[in-house]
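Asker: What follows is the residue order along each chain.
2 protein chains.
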Amino acid sequence: MELCLQRIRSTSRFDNAQHRLCQMPKGHDGKHDEFPYLRHLLKTNPTVAAKIKRDSTMTTGAAWKSEDAGPNRILRWMMLLSDEELLEYGVNMVALSAQVVAKLREKAANYESCMRVARKLTWLAYQMPGAPVPLEPIRIYLEDFYGSMNVHSTYCLVCRLPLHFDLFANARRGKADVETAHSNPRIHDDSNVGFAHRECNIAQGAKTLPEFYAWIEAILDRVKAD
Amino acid sequence: MELCLQRIRSTSRFDNAQHRLCQMPKGHDGKHDEFPYLRHLLKTNPTVAAKIKRDSTMTTGAAWKSEDAGPNRILRWMMLLSDEELLEYGVNMVALSAQVVAKLREKAANYESCMRVARKLTWLAYQMPGAPVPLEPIRIYLEDFYGSMNVHSTYCLVCRLPLHFDLFANARRGKADVETAHSNPRIHDDSNVGFAHRECNIAQGAKTLPEFYAWIEAILDRVKAD
Numbered sequence: 001m002e003l004c005l006q007r008i009r010s011t012s013r014f015d016n017a018q019h020r021l022c023q024m025p026k027g028h029d030g031k032h033d034e035f036p037y038l039r040h041l042l043k044t045n046p047t048v049a050a051k052i053k054r055d056s057t058m059t060t061g062a063a064w065k066s067e068d069a070g071p072n073r074i075l076r077w078m079m080l081l082s083d084e085e086l087l088e089y090g091v092n093m094v095a096l097s098a099q100v101v102a103k104l105r106e107k108a109a110n111y112e113s114c115m116r117v118a119r120k121l122t123w124l125a126y127q128m129p130g131a132p133v134p135l136e137p138i139r140i141y142l143e144d145f146y147g148s149m150n151v152h153s154t155y156c157l158v159c160r161l162p163l164h165f166d167l168f169a170n171a172r173r174g175k176a177d178v179e180t181a182h183s184n185p186r187i188h189d190d191s192n193v194g195f196a197h198r199e200c201n202i203a204q205g206a207k208t209l210p211e212f213y214a215w216i217e218a219i220l221d222r223v224k225a226d
Numbered sequence: 001m002e003l004c005l006q007r008i009r010s011t012s013r014f015d016n017a018q019h020r021l022c023q024m025p026k027g028h029d030g031k032h033d034e035f036p037y038l039r040h041l042l043k044t045n046p047t048v049a050a051k052i053k054r055d056s057t058m059t060t061g062a063a064w065k066s067e068d069a070g071p072n073r074i075l076r077w078m079m080l081l082s083d084e085e086l087l088e089y090g091v092n093m094v095a096l097s098a099q100v101v102a103k104l105r106e107k108a109a110n111y112e113s114c115m116r117v118a119r120k121l122t123w124l125a126y127q128m129p130g131a132p133v134p135l136e137p138i139r140i141y142l143e144d145f146y147g148s149m150n151v152h153s154t155y156c157l158v159c160r161l162p163l164h165f166d167l168f169a170n171a172r173r174g175k176a177d178v179e180t181a182h183s184n185p186r187i188h189d190d191s192n193v194g195f196a197h198r199e200c201n202i203a204q205g206a207k208t209l210p211e212f213y214a215w216i217e218a219i220l221d222r223v224k225a226d
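Protein sequence lines correspond, in order, to chains A and B.
Heads up: the first sequence is residues 1 to 226, going by this note's numbering.
Heads up: the second sequence is residues 1 to 226, going by this note's numbering.
Check the hints yourself; a few may be wrong.
Repeated chains share a single entry, so a pair holds when one copy, or any two copies, can fit it.
The calculated DSBU-like cross-link candidates involving lysine-lysine, where the alpha carbons are at most 30 angstroms apart (straight line), are [said to hold, decoys possible]:
1. Lys43 x Lys107
2. Lys53 x Lys31
3. Lys43 x Lys26
4. Lys224 x Lys31
5. Lys207 x Lys103
6. Lys207 x Lys224
7. Lys31 x Lys103
8. Lys43 x Lys53
9. Lys224 x Lys53
10. Lys26 x Lys53
11. Lys26 x Lys103
12. Lys31 x Lys207
13. Lys53 x Lys107
14. Lys43 x Lys207
15. Lys224 x Lys43
16. Lys103 x Lys43
17. Lys26 x Lys224
18. Lys43 x Lys31
To be clear, the hints were calculated from the coordinates, so they are not data collected in a lab.
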């Protein structure tokens, strides 16, 4: 599918703004829209839609908000800018601890990757049992990118158990039982993301999935050898 | 070993104070002391000694300090008191979220258990390679409770790899690479505690160790079946 990609003005002052692009099909009617495939979830399950937007485009929230360093979350593509450039947007990286800076920089991703991630996550969310049935144009849009959508086909990226849409229930409080997860935590792109149980995502930590599986296998080997 | 168990006055205003007891051998010379076996580490590795005291006697730190609910950490035996009794010590449990209350109450342990945990952790810390050699009276005291101390015999409670004393290096910032861990996270007593890598403790989460091992085994079975 060819996309419109008309530039859209960002409403955030913490945004270098050159990147917001209309994701509607090329030659579409009506308004430009960055997240057209989220229109339906925004009505039926607004906290889920907000979570998909947030997880795909923003760094994780951090405990450094109090340090007068800008917003609690930062747009992932802002993390591609230099410290000097970020200062112009009111984000003072130098005031943050090396640990926080590393964590933020690790979440860097360009705008196009973030848009692909949001699309992929929406496609996955609709395939959880308990999810609303997507409106036809949204289904067609998403399937054009990732193929046929089948309910019961979204599994936890880490533990491989099925994920039910109800797990999003606590998303409002920023502590859903399901989280956006990465096969490789340092790569934020559609081929590398999925959903995972919160406890699975926490257990995986900074490891890639192959590293995580090798790690737990070695633990079990030692436990059994005792 | 029979202990002195003379009552010692607590210096904390968040303490019901009936519980502080001298842990020196019965009939000892000199001052009463609640942590006589930590005297040496207090000099050689004060952050490690402070960590052992803190982990054995206090609940984990919480993000609720700002809610005007008393200290950031609370003595574990205070968590055995009722909400009404706690109010008298300036700790207003009702002002906290149900989630935080549950987390705090889960850390409850009586004073005697906490004292046993501190002793056991000290015994374990001295057996890590890189630890200082315990002063003779401290070695004798600890071995009287838990048996012979041998360097290289302290393993991560979770992953069973050896733990080096250097892992305590970041303890000052409250983020050591080694943490106090529990085979069953809801039981705080000497038979149930040990040290673990921070990442192992986080991965274990709220599960007991048998639950954790069964969980990761099932994950590996599913991954291999794919």
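Asker: All hints, please: hold or fail.
Answerer: Against the structure, the hints come out as follows:
no.	hint	in the structure
1	Lys43 x Lys107	within (29 angstroms within a copy, 41 angstroms between copies)
2	Lys53 x Lys31	within (19 angstroms within a copy, 62 angstroms between copies)
3	Lys43 x Lys26	within (24 angstroms within a copy, 71 angstroms between copies)
4	Lys224 x Lys31	neither (61 angstroms within a copy, 48 angstroms between copies)
5	Lys207 x Lys103	both (14 angstroms within a copy, 27 angstroms between copies)
6	Lys207 x Lys224	both (23 angstroms within a copy, 19 angstroms between copies)
7	Lys31 x Lys103	neither (36 angstroms within a copy, 48 angstroms between copies)
8	Lys43 x Lys53	within (14 angstroms within a copy, 52 angstroms between copies)
9	Lys224 x Lys53	neither (44 angstroms within a copy, 33 angstroms between copies)
10	Lys26 x Lys53	within (22 angstroms within a copy, 65 angstroms between copies)
11	Lys26 x Lys103	neither (37 angstroms within a copy, 52 angstroms between copies)
12	Lys31 x Lys207	neither (42 angstroms within a copy, 50 angstroms between copies)
13	Lys53 x Lys107	within (15 angstroms within a copy, 37 angstroms between copies)
14	Lys43 x Lys207	neither (36 angstroms within a copy, 37 angstroms between copies)
15	Lys224 x Lys43	neither (51 angstroms within a copy, 40 angstroms between copies)
16	Lys103 x Lys43	neither (33 angstroms within a copy, 35 angstroms between copies)
17	Lys26 x Lys224	neither (58 angstroms within a copy, 43 angstroms between copies)
18	Lys43 x Lys31	within (17 angstroms within a copy, 69 angstroms between copies)
The structure fails to meet hints 4, 7, 9, 11, 12, 14, 15, 16, 17 from the earlier list, while all remaining hints are met.
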